[in-house]
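A.B. asks: Using the sequences plus the hints, can you model the full thing?
Top to bottom, those sequences are chains A and B.
Numbering of the first sequence is given in my numbering, commencing with residue 1 and proceeding in unit increments.
Numbering of the second sequence is given in my numbering, commencing with residue 1001 and proceeding in unit increments.
Keep in mind that the hints were calculated from the coordinates and are not lab data.
Treat the hints with care, since some could be wrong.
Label pairs and their calculated CB-CB ranges [said to hold, decoys possible]:
| no. | chain 1 | residue 1 | chain 2 | residue 2 | range |
| --- | --- | --- | --- | --- | --- |
| 1 | A | I275 | B | W1107 | 51 to 59 Å |
| 2 | A | I291 | B | L1259 | 45 to 53 Å |
| 3 | A | G228 | B | A1015 | 30 to 38 Å |
| 4 | B | T1124 | A | L213 | 52 to 60 Å |
| 5 | B | H1013 | A | I291 | 36 to 44 Å |
| 6 | B | L1259 | A | R323 | 19 to 27 Å |
| 7 | B | L1305 | A | G228 | 57 to 65 Å |
| 8 | B | H1013 | A | V232 | 32 to 40 Å |
| 9 | A | I291 | B | H1327 | 55 to 63 Å |
| 10 | B | A1015 | A | I4 | 18 to 26 Å |
| 11 | B | T1124 | A | I275 | 45 to 53 Å |
Heads up, simulated DSS-like pairs for lysine-lysine below, C-alpha to C-alpha not over 25 Å straight-line [to be verified]:
| no. | chain 1 | residue 1 | chain 2 | residue 2 |
| --- | --- | --- | --- | --- |
| 12 | B | K1404 | A | K328 |
| 13 | B | K1364 | B | K1434 |
| 14 | B | K1299 | A | K3 |
| 15 | A | K318 | B | K1431 |
| 16 | B | K1404 | B | K1431 |
| 17 | A | K318 | B | K1434 |
| 18 | A | K66 | A | K116 |
| 19 | A | K116 | A | K17 |
| 20 | A | K68 | B | K1365 |
| 21 | B | K1364 | A | K3 |
| 22 | B | K1223 | B | K1119 |
| 23 | A | K328 | B | K1258 |
| 24 | B | K1158 | B | K1231 |
| 25 | B | K1083 | B | K1047 |
| 26 | B | K1016 | A | K3 |
Only a predicted model underlies this, so the values are computations on that prediction, with no experimental measurement involved.
The beta-carbon is built from N, C-alpha and C at its ideal position, and this holds for glycine as well.
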Amino acid sequence: MLKISTNPHVQTSRDIKSLMLDVVIALMPAAVAALMFFGIDALRVILTSVAGCVMFEYLACRYWFKSKNTTTDYSAVITGLLLAYNLPSSMPCWMILIGCFMAIIVAKMCFGGLGKNIFNPALVGRVFLFISFPVQMTVWPVPYFLKMVSPDGETGATTLRMLKSIDVSSSATSKMYSISDLPSYLDMFLGNVGGCIGEVSALALLIGFGYMLYRRVITWHIPVYYLGTVFVMTAVLYFLTGEAKFLPLAHLLSGGLMLGAIFMATDYTTSPMTIKGQVIFAVGCGLLTVIIRAFSAYPEGVSFAILIMNALVPLIDKYAVQRCYGEKK
Amino acid sequence: MIKKFTFPMGGIHLAKHKVTTDCPISNADIPEFVTIPVKQHIGSPAKIMVSKGDKVKVGTLLADADGIVSSDVHSSVSGEVVKIEDLPGASGYEEKMITVKVEGDSWEEDIDRSEDVEKEINLTSEEIIAKIRSAGIVGMGGAGYPTPIKTTIPENKKANILIVNGIECEPFLTADDRIMVEKAEQVIMGARVLNRALGIQNAVIAIDENKPRAIEILTALSKLYVGVNVKVCKTKYPQGGEKQLIRAITGQELPLGKLPIDIGCIVQNVGTVFAVYEAVLKNKPLFERVVTVSGDGCKHPCNYLVRIGTPISSLIEQSGGLDENVHKIVMGGPMMGNAVVNLSAPVTKTTSGILLLQDGEFTKKEASSCIRCGKCAQACPAGLRPFAIKQAVSFNDTVEHMRKLHAGDCIECGCCAYVCPANIPLLDYCKIAKQEIRKK
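C.D. replies: Printed below as a string of structure tokens:
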């Protein structure tokens, strides 16, 4: 029996599953870095988060949608990994599971599943945990390179917290830091600093970025424009004010910026569809990140910046239309 | 280092599958019956000039062009007209066809059957165009637009460049490639004939870099003739699209709603140019063409010189026949070709290939919902947003909205549907939108 169909009769082998699997692979260097710096605790956080996200998606498909199991497309694994990477290594398991619930059930499945959600699920999970459990979410075990357990449960501050407090002269509550307290740029680049388990090592994240570019999962536009905007903005502020809290390179290498710019702002579903729209989106993320980091009470602004821009995506998609062939430039 | 030309907007890279690159063109067997459709071109069907029982020779006029946008149709065999009726074509739709029972192989006397390459052109522009018209030549790359119209320059317009399209960017197909390798001199003479008809001295043969033999032979030969040059293009689909090729070769984009001649360009397929050579210098009407029979389910892939009207099944028999692994037969390339419904349907002037495809790489995959990756918009060589067109069609949006999305400017290359990781048939939606716009 011969079949008939409309053309084209050949389709790419890069289906959703293969693209998502590539993102999972690209996230692996950061997992290795997390294990090296935060030991067995990091593994616990990652496994709990991934298992939680996959479980919630499976349950939603099975008992709520009563449809095909969609966990095999690996998108829930990515959400699980990203949520874990946004948590400190001391986060209790039950809290992680609440984060998974918010990410998968509230932010993703309530909207209809993959492709239909407005907000990045992992970021919704993280922000929910951040405002619900502010204490646990801001305790930063110090990294202990290649030792399996923390020597004495020691905790420290993130680079961004130090930057934020450098110029606060009369605050009774926050600890004072000077420029010399900042970790070296090499430590920031490698990840030997306090912070969430997956965001500390810029090197590991950049390796993942390179892999995704090589496999053509994403284009370079969003990460480069995002990081570039943050760098230029902080550089301008630094030269205008001379304040150490705007050190551009420190901003580039610290906090969730790399993780956010490379893996979360580039999420297919919650970013604009044309290159033009993606550039607008990325610049917007960059501006909001600097504004929040510099002027709000929070030291970190990546999550909020991306979520706010997520909300603007439908608008950007409507107006950021690419030039079509033969149209005037 | 030769400069390689390409178009910048969109496009994709496909697996080549050009297994028949080194297979010389061989004559396909003449079948017992040929069925020749009277409409193998864009425009109105030709008027039938023969009746049942008439004896015809190879090259005898069967049907006469009806109006300007139409084309003559000639007999490809000698024998007796046995049927003139509506028969199903390759896609299953009924068309008026003339069936000729083959008896011997005697040609019209004025056709020059010698192998010598004719190099003298003493005709005027009008005489050349008249010969092209009476030979029934249409665009052989697939569109089937009557060539005499393209060659006649409207008043107040001027031709600058003739682009001979030797890109053949579809996987599997090698018909144009083989013509360029085996009939290089004839292709160059054909280009010179067209140069003369257009009143220019500027023909560019554009060849894809994946055809090194053709590039080598034609580059060497073109040095001997004035007004014919070879340009090498990067491999990228759909480089052979008219708009994309104009952009690649001239660096200019064809403005929306304009014809190539409005910016001085004329694009002709290599097969068409070869047919022009034969028509003008050899007095031979268009009644045979080169067809690639290939595909991963084809036992003996080959390039054939086929008489128009030969049933597809006869070509498949000659290439080793069908077995149970073949699940789809495609006429044309895998990107833009159509699935064949009826194996007794004939080869026409626009059939560039017959592909026998197996399950696997060429199976349509099940579609899932859009993940908003935007890859379709990045791949579209027309710069459209297929995802938005799909939404407009599925939400039953107004025709005005579809027009605003430029759906009418879709070139139907299929890049969007190829790249879609959710396997959404985006091209189908674009075609529906085009139809809606045309209806209004």
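A.B. asks: Could you tell me whether the CB distance from I275 (chain A) to W1107 (chain B) stays inside 51 to 59 Å?
C.D. replies: holds, 57 Å
A.B. asks: Would you mind confirming whether the straight-line C-alpha gap from K318 (chain A) to K1431 (chain B) stays at or under 25 Å?
C.D. replies: holds, 22 Å
A.B. asks: Does K1231 (chain B) sit within 25 Å of K1158 (chain B), going by the straight-line distance between their CA atoms?
C.D. replies: Holds: K1158 (chain B) and K1231 (chain B) sit about 22 Å apart, inside 25 Å.
A.B. asks: Does K328 (chain A) lie within 25 Å of K1404 (chain B) when you go C-alpha to C-alpha?
C.D. replies: holds, 15 Å
A.B. asks: Does the structure keep K1364 (chain B) and K1434 (chain B) at a Cα separation of 25 Å or less?
C.D. replies: holds, 23 Å
A.B. asks: When you take the CB atoms of T1124 (chain B) and I275 (chain A), is the distance between them in 45 to 53 Å?
C.D. replies: holds, 51 Å
A.B. asks: At the C-beta level, are T1124 (chain B) and L213 (chain A) separated by a distance inside 52 to 60 Å?
C.D. replies: Holds, at about 58 Å.
A.B. asks: Quickly compare the C-alpha distance for K1223 (chain B) and K1119 (chain B) to 25 Å and report which way the hint goes.
C.D. replies: Since the Cα atoms of K1223 (chain B) and K1119 (chain B) sit roughly 15 Å apart, the hinted pair holds (cutoff 25 Å).
A.B. asks: Sort out whether K1258 (chain B) lies within 25 Å of K328 (chain A), counting only the CA atoms.
C.D. replies: Within the cut-off at roughly 13 Å; holds.
A.B. asks: Taking 55 to 63 Å as the stated bounds, is the beta-carbon spacing between I291 (chain A) and H1327 (chain B) within them?
C.D. replies: holds, 58 Å
A.B. asks: Can the suggested window of 36 to 44 Å be confirmed for the beta-carbon pair H1013 (chain B) and I291 (chain A)?
C.D. replies: Check passed, 41 Å falls within 36 to 44 Å.
A.B. asks: With 18 to 26 Å as the target window, see if A1015 (chain B) and I4 (chain A) comply at their CB atoms.
C.D. replies: With Cβ atoms ~23 Å apart, the hint holds.
The structure meets every hint from the earlier list without exception.
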